Amino acid sequence: MSIRKLLFFLLLSSFLGGLCSLLGFWWLTQPKNNIRKQIQPENIFASRKVNIKVPDGINFMNASKVALPSVVHIKVKYANRVAANSEEENYEDYGSDGPRRHHSSGSGVIVSEDGYVVTNRHVINNATTIDIILFDKRSYTAELIGTDSSTDLALLKIDENSLPFLKYGNSDEVQIGEWVVAIGNPFDLVSTVTAGIVSAKGRSISLLEDNYSVEAFIQTDAAVNPGNSGGALVNIKGELVGINTAIATQTGFFAGYSFAIPVNLVKKISDDLMNYGESQRGVLGVSGKSVTADIAEKNHLSEVKGVILIGVTSGGVADKSGLKKNDVIIKVDNININNLAELQTEIALKRPGDKMKIIFWRNNKPKTTQVTLLGKNGENMPKKSKKYQKDMKQVLGASMRRITSEEKQKFDIDNGVKILVIGKGKFKDCDFRDGFIITEIKGKQMKNVQDIQKMLQECKEKNLNAVIKGIYPNGTKKECTMAW
Numbered sequence: 009m010s011i012r013k014l015l016f017f018l019l020l021s022s023f024l025g026g027l028c029s030l031l032g033f034w035w036l037t038q039p040k041n042n043i044r045k046q047i048q049p050e051n052i053f054a055s056r057k058v059n060i061k062v063p064d065g066i067n068f069m070n071a072s073k074v075a076l077p078s079v080v081h082i083k084v085k086y087a088n089r090v091a092a093n094s095e096e097e098n099y100e101d102y103g104s105d106g107p108r109r110h111h112s113s114g115s116g117v118i119v120s121e122d123g124y125v126v127t128n129r130h131v132i133n134n135a136t137t138i139d140i141i142l143f144d145k146r147s148y149t150a151e152l153i154g155t156d157s158s159t160d161l162a163l164l165k166i167d168e169n170s171l172p173f174l175k176y177g178n179s180d181e182v183q184i185g186e187w188v189v190a191i192g193n194p195f196d197l198v199s200t201v202t203a204g205i206v207s208a209k210g211r212s213i214s215l216l217e218d219n220y221s222v223e224a225f226i227q228t229d230a231a232v233n234p235g236n237s238g239g240a241l242v243n244i245k246g247e248l249v250g251i252n253t254a255i256a257t258q259t260g261f262f263a264g265y266s267f268a269i270p271v272n273l274v275k276k277i278s279d280d281l282m283n284y285g286e287s288q289r290g291v292l293g294v295s296g297k298s299v300t301a302d303i304a305e306k307n308h309l310s311e312v313k314g315v316i317l318i319g320v321t322s323g324g325v326a327d328k329s330g331l332k333k334n335d336v337i338i339k340v341d342n343i344n345i346n347n348l349a350e351l352q353t354e355i356a357l358k359r360p361g362d363k364m365k366i367i368f369w370r371n372n373k374p375k376t377t378q379v380t381l382l383g384k385n386g387e388n389m390p391k392k393s394k395k396y397q398k399d400m401k402q403v404l405g406a407s408m409r410r411i412t413s414e415e416k417q418k419f420d421i422d423n424g425v426k427i428l429v430i431g432k433g434k435f436k437d438c439d440f441r442d443g444f445i446i447t448e449i450k451g452k453q454m455k456n457v458q459d460i461q462k463m464l465q466e467c468k469e470k471n472l473n474a475v476i477k478g479i480y481p482n483g484t485k486k487e488c489t490m491a492w
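Each residue of the sequence shown is one higher than the one before, starting from 9 at the first, in the working numbering.
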């Protein structure tokens, strides 16, 4: 081949190569509308028309749908910074410190359709005002019904009916490894849902400082942060199994461990606060500690579980039932007792006057005894707090006074109590109006306000209907049957 032809082919090859490179660059830099259309459908968003298939066992959508409307946002205010709740940081993240505030927020759970809300005591402690915001954004000022420092629980009430509420589950049936969902308002991010598994049960973290404290937390790895306190821990069915209370962290934020009060204890304390105004605690009269491997070996126990008694109060319930120092309690009412926290919980679920069957080991032999628990002050039945007993005026929702001599003569009656102003309460439910004079309840004459409060308090405690009779200033008589 001549040199001329060789140069020609080299130039032609260079030209064609450059042309191909130029065309390739042009093609690569043009918009790819057809490719973009193929990619876009992969950004799928859930809608009512899309059937999302989730593997059985990890579907949290139903639990979230059931529970979300029943979890509320709680906002509290304090009189000043000194009164602000310094406990809050200690409970929500018991391994860190935080600044005191004159306002804070947390979560709560509606547990009845007529507006009872459960939360943590530390969320509302020392608050001057407590506001509750529902899932649908309605806002209410809450009434504090009562608190219990031994469990860090509080019960609130808002004036509303037909509310969505969470059904109680059974925390005894919660299993380690079970999926759970935490719902609350961390960092004021309302209605936040997280999920995890139950990591442990009966966990004591030395958080509560009350002499009768009960710590048998459900430990989970569901993400919980400041603001989640008082919120719901639910199972896959959407049943309440715990109230989220604390996290273990050195930073103030979630670090893998969160703790919830078991719902069986929540239900009992809530019922106590609702019906008695304060927690009703049975007392066994013992001190003890969890059985360790060393204790089991020393006492010739076949298993490392139970509570060994290190002290028995002389003349107390346990002493009278025959329990002695070094006895090892292994069951209460056929429920296995693995550690001290579980024993404390079982006792806390009882009230004064309740009976309890105890199975224990003594000298390597099983024995059984039955005890009747007493209260802290030796009472053998539940007792309403003094504060709660004085609340009948609030229950009735009216201001009253004894009628004057002139009114007795005018209406030809011997005694009576006049309603001055009626607000929300039982009297309004009876359709009484201002000026109505109550003359008798259940056939007994009412001479003063105290007579009315005492009579209706007795009816309420015994769940008895009360027939109330009276007269209006125009002479019209009226009666109402008040039910509880």
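Derived by calculation from the structure, the hints in this document are not laboratory data.
Quick caveat: nothing in here was measured; it's all calculated off a predicted structure.
Glycine residues also receive a C-beta, built at the ideal position from the N, C-alpha and C atoms.
Worth double-checking, as some hints may not be accurate.
List time: in silico DSS-like cross-link candidates among lysine-lysine, alpha-carbon distance up to 30 Å [as the list claims (entries may be wrong)]:
| # | residue 1 | residue 2 |
| --- | --- | --- |
| 1 | Lys418 | Lys462 |
| 2 | Lys363 | Lys297 |
| 3 | Lys363 | Lys333 |
| 4 | Lys477 | Lys426 |
| 5 | Lys209 | Lys297 |
| 6 | Lys275 | Lys477 |
| 7 | Lys392 | Lys418 |
| 8 | Lys85 | Lys209 |
| 9 | Lys418 | Lys363 |
| 10 | Lys363 | Lys468 |
| 11 | Lys426 | Lys416 |
| 12 | Lys432 | Lys486 |
| 13 | Lys313 | Lys332 |
| 14 | Lys339 | Lys297 |
| 15 | Lys245 | Lys297 |
Simulated restraints on C-beta separations [as the list claims (entries may be wrong)]:
| # | residue 1 | residue 2 | range |
| --- | --- | --- | --- |
| 16 | Val312 | Met389 | 34 to 44 Å |
| 17 | Gln453 | Pro77 | 17 to 27 Å |
| 18 | Asn219 | Gln402 | 45 to 55 Å |
| 19 | Thr412 | Tyr176 | 47 to 57 Å |
| 20 | Thr300 | Lys470 | 22 to 32 Å |
Tested hints:
| no. | hint | in the structure |
| --- | --- | --- |
| 1 | Lys418 - Lys462 | 27 Å, holds |
| 2 | Lys363 - Lys297 | 23 Å, holds |
| 3 | Lys363 - Lys333 | 21 Å, holds |
| 4 | Lys477 - Lys426 | 12 Å, holds |
| 5 | Lys209 - Lys297 | 17 Å, holds |
| 6 | Lys275 - Lys477 | 38 Å, violated |
| 7 | Lys392 - Lys418 | 40 Å, violated |
| 8 | Lys85 - Lys209 | 34 Å, violated |
| 9 | Lys418 - Lys363 | 57 Å, violated |
| 10 | Lys363 - Lys468 | 25 Å, holds |
| 11 | Lys426 - Lys416 | 11 Å, holds |
| 12 | Lys432 - Lys486 | 19 Å, holds |
| 13 | Lys313 - Lys332 | 18 Å, holds |
| 14 | Lys339 - Lys297 | 15 Å, holds |
| 15 | Lys245 - Lys297 | 36 Å, violated |
| 16 | Val312 - Met389: 34 to 44 Å | 38 Å, holds |
| 17 | Gln453 - Pro77: 17 to 27 Å | 49 Å, violated |
| 18 | Asn219 - Gln402: 45 to 55 Å | 30 Å, violated |
| 19 | Thr412 - Tyr176: 47 to 57 Å | 51 Å, holds |
| 20 | Thr300 - Lys470: 22 to 32 Å | 49 Å, violated |
Going through the hint list in order, the structure does not satisfy hints 6, 7, 8, 9, 15, 17, 18 and 20.
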